[in-house]
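S.K.: Here is what each chain is made of, one letter per residue.
Number of protein chains: 6
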Amino acid sequence: MTDVVALGEAMLRLSPQRFERLEQATTFQVVVGGSELSVVSNLARLGVSTRWVTALPRSPLGRMVANAARQQEVDTSCILWVEDGRVGVYYYEEGAAPRPSQVVYDRKGSACSLLRPGDVDWTTTLAGTRIFHTCGITPALSAGCRALTVEALRAAKSLGIVTSFDLNFRSRLWSVEDASACYREIAPLVDVLFASVPALEAFFGFGGGAEAAAKRSIDRFGVHVVVLTERVASGMLGATVSSMAVADRVYRGRSWEVEIVDRLGAGDAYDAGFLFGYLRGDLDLAVAYAGAMAALQQTIPGELAWITEEEVQAALAGDTVQVKR
Amino acid sequence: MTDVVALGEAMLRLSPQRFERLEQATTFQVVVGGSELSVVSNLARLGVSTRWVTALPRSPLGRMVANAARQQEVDTSCILWVEDGRVGVYYYEEGAAPRPSQVVYDRKGSACSLLRPGDVDWTTTLAGTRIFHTCGITPALSAGCRALTVEALRAAKSLGIVTSFDLNFRSRLWSVEDASACYREIAPLVDVLFASVPALEAFFGFGGGAEAAAKRSIDRFGVHVVVLTERVASGMLGATVSSMAVADRVYRGRSWEVEIVDRLGAGDAYDAGFLFGYLRGDLDLAVAYAGAMAALQQTIPGELAWITEEEVQAALAGDTVQVKR
Amino acid sequence: MTDVVALGEAMLRLSPQRFERLEQATTFQVVVGGSELSVVSNLARLGVSTRWVTALPRSPLGRMVANAARQQEVDTSCILWVEDGRVGVYYYEEGAAPRPSQVVYDRKGSACSLLRPGDVDWTTTLAGTRIFHTCGITPALSAGCRALTVEALRAAKSLGIVTSFDLNFRSRLWSVEDASACYREIAPLVDVLFASVPALEAFFGFGGGAEAAAKRSIDRFGVHVVVLTERVASGMLGATVSSMAVADRVYRGRSWEVEIVDRLGAGDAYDAGFLFGYLRGDLDLAVAYAGAMAALQQTIPGELAWITEEEVQAALAGDTVQVKR
Amino acid sequence: MTDVVALGEAMLRLSPQRFERLEQATTFQVVVGGSELSVVSNLARLGVSTRWVTALPRSPLGRMVANAARQQEVDTSCILWVEDGRVGVYYYEEGAAPRPSQVVYDRKGSACSLLRPGDVDWTTTLAGTRIFHTCGITPALSAGCRALTVEALRAAKSLGIVTSFDLNFRSRLWSVEDASACYREIAPLVDVLFASVPALEAFFGFGGGAEAAAKRSIDRFGVHVVVLTERVASGMLGATVSSMAVADRVYRGRSWEVEIVDRLGAGDAYDAGFLFGYLRGDLDLAVAYAGAMAALQQTIPGELAWITEEEVQAALAGDTVQVKR
Amino acid sequence: MTDVVALGEAMLRLSPQRFERLEQATTFQVVVGGSELSVVSNLARLGVSTRWVTALPRSPLGRMVANAARQQEVDTSCILWVEDGRVGVYYYEEGAAPRPSQVVYDRKGSACSLLRPGDVDWTTTLAGTRIFHTCGITPALSAGCRALTVEALRAAKSLGIVTSFDLNFRSRLWSVEDASACYREIAPLVDVLFASVPALEAFFGFGGGAEAAAKRSIDRFGVHVVVLTERVASGMLGATVSSMAVADRVYRGRSWEVEIVDRLGAGDAYDAGFLFGYLRGDLDLAVAYAGAMAALQQTIPGELAWITEEEVQAALAGDTVQVKR
Amino acid sequence: MTDVVALGEAMLRLSPQRFERLEQATTFQVVVGGSELSVVSNLARLGVSTRWVTALPRSPLGRMVANAARQQEVDTSCILWVEDGRVGVYYYEEGAAPRPSQVVYDRKGSACSLLRPGDVDWTTTLAGTRIFHTCGITPALSAGCRALTVEALRAAKSLGIVTSFDLNFRSRLWSVEDASACYREIAPLVDVLFASVPALEAFFGFGGGAEAAAKRSIDRFGVHVVVLTERVASGMLGATVSSMAVADRVYRGRSWEVEIVDRLGAGDAYDAGFLFGYLRGDLDLAVAYAGAMAALQQTIPGELAWITEEEVQAALAGDTVQVKR
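Protein sequences appear in the order of chains A, B, C, D, E and F.
Take the first sequence: its letter number 119 is residue 166 in the working numbering, and every next letter is one higher.
Take the second sequence: its letter number 215 is residue 262 in the working numbering, and every next letter is one higher.
Take the third sequence: its letter number 206 is residue 253 in the working numbering, and every next letter is one higher.
Take the fourth sequence: its letter number 211 is residue 258 in the working numbering, and every next letter is one higher.
Take the fifth sequence: its letter number 230 is residue 277 in the working numbering, and every next letter is one higher.
Take the sixth sequence: its letter number 57 is residue 104 in the working numbering, and every next letter is one higher.
Don't read these hints as lab results, they were simulated from the structure.
The structure presented is a predicted model; accordingly, all values stated were derived computationally and were not measured.
Check the hints yourself; a few may be wrong.
Note: identical chains are not told apart, hence a pair may lie in one copy or across any two.
As the list claims (entries may be wrong) - Within a straight-line C-alpha distance of at most 25 Å, the following computed SDA-like cross-link-like pairs (lysine to any residue) qualify:
1. K155 - V370
2. K155 - V129
3. K155 - T74
4. K262 - C229
5. K262 - L236
6. K262 - R65
7. K155 - R219
8. K204 - F251
9. K155 - C125
10. K155 - Y137
11. K155 - S106
12. K204 - T123
13. K204 - S189
14. K155 - G191
15. K204 - G365
16. K155 - T287
17. K155 - S189
Build the full structure now, drawing on both the sequences and the hints.
M.R.: Listed below in structure tokens is the structure:
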């Protein structure tokens, strides 16, 4: 009865006041962030029933993370509450050109990173699910998490559930080589693959442009659909976002000019928008929603989801009123 | 002895932190806002003696609104303090492209909306006044307020006072049809009419461009001067503002590139700038001030007035120093 | 499968910074508050499965209220989402002796106050429930709500569900006479009655001290248990709290010295603590938890629940370490 | 037509967050403070028409001070707007026992301190006034201000206006000797004298207890009434306040237990409360209001007035409800 | 030329707004805290030249910690800047009776905890030093830190430097047994021992009251002086603090009534006050300063030092003015 | 052993919240700012040993300023602690087009402005220094400061120390004529001169473009190198920055597109970047660092330095990743 189940870690994101450097901070804004949680929370806001699987310590901080998921209408009944491991933290410093934004990870030893195969009862967890989603951050957390990721994808496959995976490479977590080996192991288990064009080249050696690289992924790994995104920046505070997917044919969304408020979480909103359309069996809708949600997400502080479907539709309908009153 | 008297409602405006969505809010910034109050507070800051007529409940919130008016040097001695009715609230969420800004009204049952003809002693209230101003929000509040608006305009007319009216259509308060009927009743009572070109077409059926539509308003209703504004957006955070008025001839102001900090209140500052020049009998000055004040107002958080005449003059003089020190 | 279902309204509570007067406010802290929601959220934190029934408008503010309930692990699936009615607001100003704290209600016309009998399908809503709870605020909201409250209590009774009711008189909502008439209609439908000793006298005419008044309630109305609370203030910022219940015999809890951080919500935490013990069939535990939770609640900003059972137990065990580290 | 006119300086008060030391500050709360302004703003809130005389620079900071006065309904039309002189500042650090609260003055060179006799047209300024009030801070600011103070008191006397003076000794502004000499010059010009018992001894040599010292002031200087206050602290955050006046007989108010939120401004509220009663010709009311207002003022952040007469009356009536709802 | 050198870890302390629970937090106040750093920063504020030895990662957070030390005039030239290890964090939730304050440590894997014997060049680091100080937290961090602590104390001893050690037991870091074994190894290397009376009993088995236990410590371990503290709480927000030392004779300080603003850091300020007097060779001064500084420290937010010697002297002189102005 | 010594004043900068006008402020952000301190703090962050010479009052505010310098690793041992004089303040209001940013100085009577020749022992202060730096603000403070500036430059010259001077004209401190006379007296004492092209023309009459004006400065005054900067604004919130120096030949840096967060301090960062390269004897590096640091500085709130050399190098290497993670 749960349409989408996701596996992954969430952390506390601590950020100084707008544009302050970390060293200057006297207060931190705290929000909960995590790629897969962000995907399912965006889906939940669009009315899709979702569940999030992770491990959290029995502590106020662990509860804070679960509270945030529930606030977004994500089912938290399958979270593993553990005695060992911490809630990871990352510090996020917002940049302005020419100073890049910066993430300082402090996530080692998190409860989620201590997960291993066998910790999750996939049969129960995935019962009645249509899509299982995770991303490249999860296997990067630890050897145990890498094995768990493969285990999860296999379990989903064997249950006839569509598998969804976003490469989401994090250079501060592992090397290109390690990621590449893992991605090659995982790709044959994936139905919906989210990737950037440079990533397809870097990790799989698939060059020749977006369409060619996507088709090679389909041919080589048996992926059903490859979803690509492009984001062109203008300074740190402006961007153009566009969306594209390759399956039986190429699907393209419109492009969006974005005034960036918070750049993190755009990729996750993109994935959620696509999966929403995919669940409806409409890939044109999927790329349209993917682009709109990625654009909207960057105008909202924090990483979880606060967009309604009505707003996505209004944006796509070209509603240009600047103040609704 | 009071140059300008205005009638209308003010509310508390509650806004989340910069760019947060309403649902995310843990604190609200609170300012007082209201179109006619904003017009007279802007005029007061330029040295014009002003008075504001409204109804407020005897409560801390009612006093908060009156305090804000007095802080701006607006005379509050004719405010009606009542037992019934609340202080209206509106929630304001700031957008960034492609997410529009959003106003959620919670103003039903306000003390001001309960006003009816006969509640205000216009002879006393308007004694010695040169201009009476109100806008299209006031008659939209209730049938009583609509009748009161007409009563007020008639009283002003009969006392030989110049009447000023800004169409200020609010789609969340009434329909185009209702507004149109009301505006057509009111227009013959108006000397100075503030409107956008599309509004002249929508409510009066006056097309053919700015000048033509303005002239038809003059011809049809006997309006003395029609003041038009144009605002072209670049994203949600940039705009080009220009000003224009049509009376015996066409008056045009320069255009302004604006970095938007707070979009609300620009139209009211515009009206105030125009009326300032109008009081001096100089329509060239009026359109110049109108444009400058609308531009400056959008760079200031909140809706009431914090501009000095010296600053308007410096802006018009093309002062381009970026930091005054 | 839901142990406790509650019916009632929640509002946004807007408060100036610590000890500021409302008129001084430039920001408001916003939290969600509502007596019955507070009861079930406290129960949910203790591991009891709960559901909250109310009406909310389809708006960001309506969603904000539901989000807060879900964040606390309260089931929101039976909330009625409506087009009419607003989210009520109340302004809360914190006092210090000799200045009392102050609540300014702005709740007229709320979605919940528009509810009428027939709006809720009680059979579905109450399926598998052990306790139904509401309080004296709900029937005070409107005639429709009063009738709905009676309807709900009757439905619960007929389904063999324990009914729980807290008199919770609010003088700003109705008169003593109206409340008295309503309470007398409701009392025969109630199994667990929460009341203060003066309230038993004022509304039912039951004097003669706590025990006598409670016994008369039992005799007259067939109430199973009357739960009484006493709170003696020392200034505005200190209090002594004690708890007591009368059923087959008198149950007494210990008394607590409290350093008050936020006085609102104490009664609701008290009710939750009692119902928790009642569900376990242990009235000694019930009065103990009631007192401990009322004491702890007053040390926490806001009205909803952030207490764990472990903390209640530690407090009852007399843990006196001042910093846990 | 203005009942009370006051002369004196106001400053910006800059305070770190609650209990932070000045050196720790990363933000300052800013409020406007000034003894005589505080007296008239308290009176204005009680419905007395008031006017404040001072000098302010034509600058945003000067306007900020005047705005604050007007917000409180104090007439600012006789403020002298000058080119020379600054807006004084004082830094206020809140203490907790055993750390005292601390004021760091940075007020040298203020516009007000540059005032000299002849700068104010007393005939116009005092027209129709019943009471003229100032305090010992004003003559301490500069030789010019000392002379101006004397000039003002003489002008008031000659116009038949009651003169009111609070000794208000500030050791960081002048020596006991200088203050003593000045107070002895001024006392014969004063009708209503506010002082502490130790001050009467220190500056006039009047010992022998409150009543005796007050009577000697009356005998020696011809003062009509001597108003005395006593404040006994319990820690830094608690106090007992009582009030007393000596004229034809001794008038005593009740004592108040206070939970202190902001200790500054209590003396000014006290003066205002007394003058309110004095204007009504009721010295019993005067001492009652003096004590109640001093108590209430200490529960409110900042120094200006936010008390209503209804609240004073409720406090005096012994209203002990802790939350009004 | 550095009078006092200290070894130990510092962390970021993250705290919700006043009295909020961790789960409620949307912002965290961030300050740097660490027992030994707090001791030397307090000494530095009193004019003693100090140095702090620790390990920090080359990261914005590592720099933030060192910046805070330098801000307090502590020499940071001997900090080890490392590639491995994080900056530890602890979450601090402020309680009010009956809810205790709470520390949630997240300090595993800190750069400092990775230190081992041999990492610090003690000869250079301690050159010209009079006192070396550390506390029981440091050996509790890891086996390496325990060995390093012993190494440091031996090095100091061999250089003829006075060694100072505060037991500072942390139950969340190690067991009573492990601590006891370590303390017994360390005690013979200690000249100045800070301990509570219960700790002397728990870890060394020295009972019989303060004086007896202290004398046994002196007899058994050759400690020169045992410094004892007692703190009696009244609620969470009030306390009585007194000080006492036992050497050739018993030295006693006065007791202090404290209104608690921030309870953490009191013990460190106490140690600093004592060492200040010890450096002057005046143990009466030492216990006096110890008590005064512990009392003052609890009135200041955060853990590092913001007290001046002038303030300590004023407190000891019994200065009872409540507002200095 | 100190590479760079700077002389100058620092103040508290008080700013309302982002884009608020001064009159609207209810809180001020407080940071320490001062041109020469900013130069040495930027250098210190790049690893250069620096010292700052100024006068500060013995007060919490004086200590706050020195704390900020030490936090940045600037040596404060030669600060003169005085009894007279205050800590200057300036109010900074951030603008958005077309509203300029605005500085309101309140710095008269500062401790630094009271300095006179003879107050500083230059031989000790400058021992072992390679560069002495000050700017045109210092001689503008007072006649004493002007004489002190000349004294300092002469002392440096006579000790064989490179002298560095930035014209930094402030129209609110003195007239063009006075500045011109002073600059002409000072220029022959300067080795490294920072100036804008219009300033060379206005104060020295050197026209004909950047290169020609710089060469004439070299020829006329014997300056070694003239460092020029150009900043072209796009609105108030965007700018293009480029750098250039003229010595034996012309050195040019690349230009930078900047999203402005805080415009103040850019010139000081520029100077620091140049002096860093100058100390390495590499003027190409100097102009490159100057431009990069000026660009980066404008993206950081406040005026002191929070840039690392690694970041300067990354920016110069064309690192265009937008989020480092």
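S.K.: It remains to establish, for every hint, whether it holds in the given structure.
M.R.: The hints, checked one at a time:
1. Only between protomers do K155 and V370 lie at most 25 Å apart by alpha-carbon distance; the minimum there is 20 Å, versus 44 Å within a single protomer.
2. Taking CA atoms no more than 25 Å apart as the test, K155 paired with V129 passes in both settings, with 16 Å inside one copy and 17 Å between copies.
3. With identical chains, the CA atoms of K155 and T74 are at most 25 Å apart both within one copy (23 Å) and between copies (23 Å).
4. For the homomeric pair K262 and C229, the shortest alpha-carbon distance inside one copy (20 Å) is at most 25 Å, but the shortest distance between copies (62 Å) is not.
5. Proximity of K262 to L236 under the C-alpha cut-off of 25 Å is restricted to the intra-copy arrangement: shortest distance 16 Å within a copy versus 69 Å between copies.
6. Taking the shortest alpha-carbon separations for K262 and R65, neither the intra-copy value of 42 Å nor the inter-copy value of 43 Å comes in at or below 25 Å.
7. Taking the shortest Cα distances, K155 and R219 sit within 25 Å of each other both inside one copy (12 Å) and across copies (20 Å).
8. Taking the shortest Cα distances, K204 and F251 sit within 25 Å of each other inside one copy (22 Å), while across copies they are farther apart (62 Å).
9. Taking the shortest alpha-carbon separations for K155 and C125, only the intra-copy value of 23 Å comes in at or below 25 Å, while the best inter-copy value is 27 Å.
10. Taking the shortest Cα distances, K155 and Y137 sit within 25 Å of each other both inside one copy (10 Å) and across copies (16 Å).
11. With identical chains, the CA atoms of K155 and S106 are at most 25 Å apart both within one copy (17 Å) and between copies (16 Å).
12. Proximity of K204 to T123 under the C-alpha cut-off of 25 Å is restricted to the intra-copy arrangement: shortest distance 23 Å within a copy versus 33 Å between copies.
13. For the homomeric pair K204 and S189, the shortest alpha-carbon distance inside one copy (23 Å) is at most 25 Å, but the shortest distance between copies (45 Å) is not.
14. Both within a single protomer and between protomers do K155 and G191 lie at most 25 Å apart by alpha-carbon distance, with minima of 13 Å and 20 Å respectively.
15. With identical chains, the CA atoms of K204 and G365 are never at most 25 Å apart, being 39 Å at best within one copy and 44 Å at best between copies.
16. In this assembly of identical chains, K155 and T287 lie within 25 Å of each other by CA distance neither inside one copy nor across copies; the values are 34 Å within and 41 Å between.
17. For the homomeric pair K155 and S189, the shortest alpha-carbon distances inside one copy (9 Å) and between copies (18 Å) are both at most 25 Å.
Comparing the model with each numbered hint stated earlier shows that hints 6, 15, 16 do not hold.
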